[in-house]
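Given the structure of chain Y, go ahead and fit chain P onto it with the hints provided.
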Amino acid sequence: DAKTTQPNSMESNEEEPVHLPCNHSTISGTDYIHWYRQLPSQGPEYVIHGLTSNVNNRMASLAIAEDRKSSTLILHRATLRDAAVYYCILQPFGNEKLTFGTGTRLTIIP
Amino acid sequence: GAGVSQTPSNKVTEKGKYVELRCDPISGHTALYWYRQSLGQGPEFLIYFQGTGAADDSGLPNDRFFAVRPEGSVSTLKIQRTERGDSAVYLCASSLVGLSGNTEAFFGQGTRLTVV
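Chains as they are written, first to last, in our numbering: chain Y, 116 to 225; chain P, -10 to 105.
Since the hints were derived computationally from the structure, they do not count as laboratory data.
By construction, the Cβ of each residue, glycine as well, lies at the ideal position given by its N, Cα and C atoms.
Check each hint, because a few of them may be wrong.
Claimed, not checked - DSBU-like cross-link-like pairs, simulated, lysine-lysine; straight-line CA separation at most 35 Å: (1) P:K67 x Y:K212; (2) P:K0 x P:K67; (3) P:K0 x Y:K212; (4) P:K67 x P:K4; (5) Y:K184 x Y:K212; (6) P:K67 x P:K6; (7) Y:K212 x P:K4; (8) P:K0 x Y:K118; (9) P:K6 x Y:K212; (10) Y:K184 x Y:K118; (11) Y:K212 x Y:K118; (12) Y:K118 x P:K67.
Claimed, not checked - Using C-beta positions, here's what the derived DEER-type ranges look like: (13) Y:T145 x P:S16: 29 to 35 Å; (14) Y:R196 x P:S16: 26 to 32 Å; (15) P:K4 x Y:E131: 44 to 50 Å; (16) Y:L195 x P:E60: 40 to 46 Å.
Only chain Y is shown next, with the shape it has when bound in the complex (with noise of 0.2 Å):
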């Protein structure tokens, strides 16, 4: 399975915009880049996922790299509850496996 590599931690100013980078530089073209969250004490919870393009929701952006070795979840305005660990994942087509890695700890200083 292709791998994605996460900063392991990350801080940031509540109510300033962060970027949570990933780089999946083996992907594949059917490999669907997810990212999930996991609040403390907390099952992972949904965030986004894109292919190609780049999209939103009420979460967060994703913002996929042309080449697609890379891709950066942005939330735009942190809160002290956005405060969790944050896994880039790759989801091939047709596979039912999320592969978590260790992620990256977000810490929102208030």
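Below, chain P without anything else, positioned relative to chain Y:
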């Protein structure tokens, strides 16, 4: 309820005992998944059900682990002869028809299993 429900939320058992962990998926979701999460790690896939059948059990670590979903809704993860290394948070997730890249999974809050 509206979400995936897992019971119990915490389970402490003695080494060598048998345990059952229960998952109630979102109503109408045909796909169900079990994951295991050790401290400081991301969740690891165990097994995937489509309806009543286990479509992929490649993540089960050994034959002490078994899961069933007899009526295509509730699932039970069964662990025989528990070992201290089985201590982890066991997560259940469901999806409407399956992930296949283009849909999302909904996770429960997990069952924290501690083997003493």
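Against the structure, the hints come out as follows:
1. P:K67 x Y:K212: holds (20 Å)
2. P:K0 x P:K67: Judged against 35 Å, a Cα distance of about 13 Å means the pair holds.
3. P:K0 x Y:K212: holds (26 Å)
4. P:K67 x P:K4: Given pair K67 of chain P, K4 of chain P holds - Cα atoms ~14 Å apart, limit 35 Å.
5. Y:K184 x Y:K212: holds (21 Å)
6. P:K67 x P:K6: Holds: K67 of chain P and K6 of chain P sit about 11 Å apart, inside 35 Å.
7. Y:K212 x P:K4: holds (30 Å)
8. P:K0 x Y:K118: Holds, at roughly 33 Å.
9. P:K6 x Y:K212: holds (29 Å)
10. Y:K184 x Y:K118: Holds - the C-alpha atoms of K118 of chain Y and K184 of chain Y are around 11 Å apart, at most 35 Å.
11. Y:K212 x Y:K118: holds (13 Å)
12. Y:K118 x P:K67: holds (31 Å)
13. Y:T145 x P:S16: 29 to 35 Å: With Cβ atoms ~31 Å apart, the hint holds.
14. Y:R196 x P:S16: 26 to 32 Å: With a Cβ separation near 27 Å, R196 of chain Y and S16 of chain P satisfy 26 to 32 Å, so the hint holds.
15. P:K4 x Y:E131: 44 to 50 Å: Given range 44 to 50 Å: holds, Cβ gap about 48 Å.
16. Y:L195 x P:E60: 40 to 46 Å: Roughly 42 Å apart at Cβ, these two residues keep to the hinted range, so it holds.
Going through the hint list in order, the structure satisfies each hint without exception.
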